[in-house]
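Colleague: Each chain, written out:
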Amino acid sequence: MNYAIKATNVCKTLGNKHILSDITIHVRQGAIYGFLGANGAGKTSFLKILMGLWNMDSGSVTLLEHNLKEGRQVYRYIGSIIETPVFYLDFSAQKNLEIHCDYLDINSYEKIHSTLQLVGLGKEATKPVREFSLGMKQRLAIGRALLSDPKLLVLDEPINGLDPHGIKFLRELLCKVNRSLGTTIIISSHILDEVAKVADVIGIIHQGKMLAEVSIEAVGKDIGDLEAYYFNLIKEGSNDQAHM
Amino acid sequence: MIKLICNECKRAKFGQYVLVIVIGNLATLFLAISSSSMLNHTSYGIQAFAPGSLKFSLSTVDLGMMLMRSILIVWQSILISQMIISEYQTKTITMLFTYPYSRKEIIFAKLILISGIMTVAHIVALFIQHTVIYLFSLMNPIILFSFQNPLSIIIITISSILLGFIPLTAGVKFKSSIATIITSLVIAAIVSNSQGSTAGILSNPIIAGVLGLCGLVASVVTFGKMLKEDL
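Here the protein sequences line up with chains A and B, keeping their order.
So the first sequence is residues 1 to 244, counted in the working numbering.
So the second sequence is residues 245 to 475, counted in the working numbering.
By construction, these hints were calculated from the structure, which means they are not laboratory data.
All values reported here derive from a predicted model rather than from experimental measurement.
Ideal placement from N, C-alpha and C gives every residue a C-beta, glycine not left out.
Please note that a few of the clues may not be correct.
One-sided and incomplete, this derived list gives chain B residues near chain A with beta-carbon spacing under 7 Å [what the hints assert, rightly or not]: (1) MET339; (2) THR342; (3) PRO344; (4) ASP474; (5) LEU475.
The following block holds chain A by itself, in its conformation from the complex (with noise of 0.2 Å):
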């Protein structure tokens, strides 16, 4: 089976402090993978170190099939969100898109227009992002991660800031990319619902620990599933730690 995402017991620690013990993924390749946790699980320090923000003490990540200690290659074919959506405020959403092709090296800004129109800020572009409230920062930030047509997708908390029509519109789009491109989609969240409305396999992740990699069909669809499946799993993951 091909993987989009094989992680092998990475660990990382700060300070004294284990922020991530052995965590083990695989996603495989056209999945659509709910990263789950509660805040400070761990989910943004995973993601970091995918992304080559954190380094990590051990283990080892392979990305689309690329190692990371490999070289940065693999970047061009991977869209983010990390944390908070980040850009130049002073200048508008088409000149930060513009720099982001320019990175990427894509030729022609010819597909920021439409890619623009896609997320809904179409009527935006000229408009410098220090005016943009914080939903339309983060559906400009999909609009990036999408703008070159990723074969991975990592998004941190990506409804953080959308509106209900915003969430559920990047419901739809994540559907509908993952479906139309075969793109791969890691989603973090701590809204279970959410999540289970997306994803085809979860990832739990409680205090640094991965606790279970499971597909939602063998959880269930239904949200009550899901979070009675979770809440055992935290319950145990913590009965675990405490014993130990």
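Could you slot chain B onto chain A? The hints should help.
Modeller: Chain B in isolation, oriented as in the chain A frame:
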């Protein structure tokens, strides 16, 4: 690398930079020429009020270049702040570091661009200060023109640019534009300490070389830290 430098250029504010260089040079010329005129004037200069006191021995062009170097050191810190530190403050650096280039390439492109802009600014300053003061000295003997050894000028210019990178260390450590600029003000105050007889300690090529080396070491250490830092 050239591609990355071009990308940086697209975000750079070159119009603003030209304006700063022009205004800085004009202000410096005004200060240098007016100070020399007042201090060396036979009727109302130092000698007129305190006959026999030490003569103001600094030539007008040395005074001008001393002031200009101080201005450029502070301005370099503003460029560092705009191109590097603000990227950390607004977290746009995390976006740049997710692109298919190594951190080394991305930061190096920024440092090269800043060095390039500063080299042009120093050359323009040398040209303007020397040319205008020379022309003034032909018209007015109180305006003193002297020409320094070209090798010394090259050493001092390179050292000045390297020294101007020390604020990067403070800026990256504290992730603060204010720390960057304050460090540059301290450096400018130290290196332009003239005592009325020399054009600041940077005018001595040996001292300039040593200070330049300090700037280079600080930059390399900071560069290394930026490569490893978790963001």
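Colleague: Would you mind marking each hint as holding or not holding in the structure?
Modeller: Going down the list of hints, with the structure as the test:
Proximity of B/MET339 to chain A holds as hinted, the smallest CB-CB distance being about 5 Å (cut-off 7 Å). Contact between B/THR342 and chain A, as hinted, is supported at the beta carbon level, the nearest pair being about 5 Å apart and thus within 7 Å. Here the hint on B/PRO344 is kept, as its CB sits about 4 Å from the closest CB of chain A, short of 7 Å. Annotation: B/ASP474 was flagged as interfacial toward chain A, and the flag holds, the nearest CB pair being 4 Å apart, inside 7 Å.
Evaluation of the B/LEU475 hint against chain A yields a held restraint, the C-beta minimum of about 5 Å falling below 7 Å.
The structure meets every hint from the earlier list without exception.
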